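Line by line, the protein sequences give chains A and B.
Once you know that position 48 of the first sequence is 48 in the UniProt record's numbering, the rest is easy, because the numbers rise by one and skip nothing.
Once you know that position 279 of the second sequence is 279 in the UniProt record's numbering, the rest is easy, because the numbers rise by one and skip nothing.
Just so you know, these hints were derived from the structure itself, not from any lab.
None of the values given here were measured: they were computed from a predicted structure.
Check the hints yourself; a few may be wrong.
[Unchecked claim] Incomplete in silico selection of chain A near chain B, CB under 7 Å:
id: 1; residue: Glu16
id: 2; residue: Lys21
id: 3; residue: His24
id: 4; residue: Ser51
Every residue gets a Cβ at the ideal spot worked out from N, C-alpha and C, and that includes glycine.
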Amino acid sequence: MEELYSFTENLTDWQERLLLKGIHKFDRQDLQELKKLQELATEYDMSFLASLIEDLQVEGNRYLQEVKADAELLTQQYLYVVQYVNMMKKPMTRSL
Amino acid sequence: MADFTSEFQRFIALCNEEYLIKYANKGIYNRSIKEMEKGMTISYEFGDDYVECALSDDSVCRLHADINRFSCSCPSDKICKHVIISIVYYAQNHLQAGAETAEELATYKPDFSWLLQLQPTHISKAFTPAQLEEVLFRLDYLEEMEIVETSFLTMTLRTQDISVSFDSESEIGKSMCTCKAKGNCLHKLEVILRYRAMHQLQDREQLQASVTDVSYETDVVAEAKSLIAEILGIGLAKLSQTICTRLELLAIAAHNGNLPRVEKDIRGIHGELNLFFQRHVKFSTEALLDRLSRVYLSLIAIEKIDHTEAKKQLLGSFKSKYHMVPQLSLYALGANPWETRSGYKGITYYFYSLSDQRIYTYTEARPVYYEGISFSFKDSYKGKVPWGELISMEELSHSQVILTQAKTNREQRLSSSEDTRLTIVPRDNIEELDLGKVLVGDWSSDWKDTAGDMFETALDSVFILKANKFNQVEFDQKTQQLLLTIEDEQCHSRQLSISYQGEFARNIRHLEQNKRLLELRDVYLLVQKIGDGLYPISIMQGKSLTSFKLDL
Ligand SMILES: [Zn+2]
Ligand SMILES: [Zn+2]
């Protein structure tokens, strides 16, 4: 349970770091972190989340490789992950 | 020719006193009769579809077999005494001539069945979409309608004190309403639909379909999406404060485009970002991120959806519209002050509507993050009600009133409309009211969960609990909440909490120290459910009421 908690914390931390620096600055290091998070998600049997993170990596990769890539799909995929994680956390952190 | 003559005679036969007074007015009618009785004579000359009437006072007027078509040599452009005299004189002097016609006319009975034969498409064409929407909303409310059949079918809406008369000619445009508005007014539509409903004709679905042309601004949705993408793209670290102005402009565009839901979302983001720029302690990255993602994904959903009804739901345009309700009988349930993370402050007043057994709210709120805008709970509470300024909001929150011409939306929020009038009536004992579903009797079951969003304060789940007694009142240091344990007749207990807020600290201390709560028996509590917590707003017994945060 504690490990799971720290996993969601790590995921949230990464999300918040990206919010701070901006999606336009998405880089290789983000890809690496996502890869690690995806593996952990699989390990905890959260296959849907893992697939969401995987899609996010695909979009991230595309964004980094295409010269004139726009960030729309990357943004959308990022927000899907954010929403999903928030949904997971809701029962634990609901407060006034 | 012969045809027109009998048509004209039939028309004349219809023109009894009542009919003429309705079309002209009593004054003109009486004057006309008087003048005629002084010894006026008239000669008639029939044309193809008209009769030329030469009056002995030298005026000449022309009549058709239709009360709306006439002309006269006198300057009046409305129905004049000459026209009336010509009609009445003909009826008295010429109509009885043919016995056959008279007999036929005596059995002639006006027929109003055309009102029931109208097609919904015909009705929707005669009125504007706004009128249709307004009246479809009103049909949910009870209205006493009186129906009288003479040579007219006259329907009177009792609470609105409005009468509409139809004749047997099948045209909505020819009906008359006492509101005297030009063209087809709301009342005509309302009586037609109520009359048809009484005859088991259900038009709602078809009419509803004709008003669901979603007039939403695609541009606003696209712009909102791209602005959020821009915020996320640049990142908070480099974000310029000018984004606030752009959000505000967009919120205004959303407001003008009738996209209240989008407007609210944009203002919510604006509020969170304001906290960020102010380095406010209440700022939370998590909350901002949650909001950005929810709004962005819902905007994507709006773009994708084809179904107009669902689109309207998402845009919120359907929900926020205010409609006039002729009369509401409201029993005040107390008031609750609140403050949101996005920087809104306000007081929400709760009422129980005796006729439709639902809770209505009225909210007074301000965005306090703007410079120069402040909101004082006390000033707002002591301020006058918006409807006629008879009493203060504080008095209203302890009263029982009747609102006429009240404006409300589908979420039973009342607007501060200037047309609304308030009448104070003696307050009933809460014990004697039929509280319907608003009173939650079964404490053991789980209550329906509603999203407890800090930003959606007015639409929350609020209900009444009847408590046998208070078991415990104590302040919990850890959560900074005052905890009240109540018990019902079956000895089920529930915990209510009042969260500590600086401004209300005094009230909370008072509640904690005062042992009076523990002595109370059989009280009613208005309770708000947010998440899993139950938060009491007011306590009631007999005619008395105390709002926890405002009255102590
Ligand atoms: Zn005249
Ligand atoms: Zn009218």
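Discussion item. Going through the numbered hints above, which ones does this structure break? Give me the numbers in ascending order.
Written reply: 4
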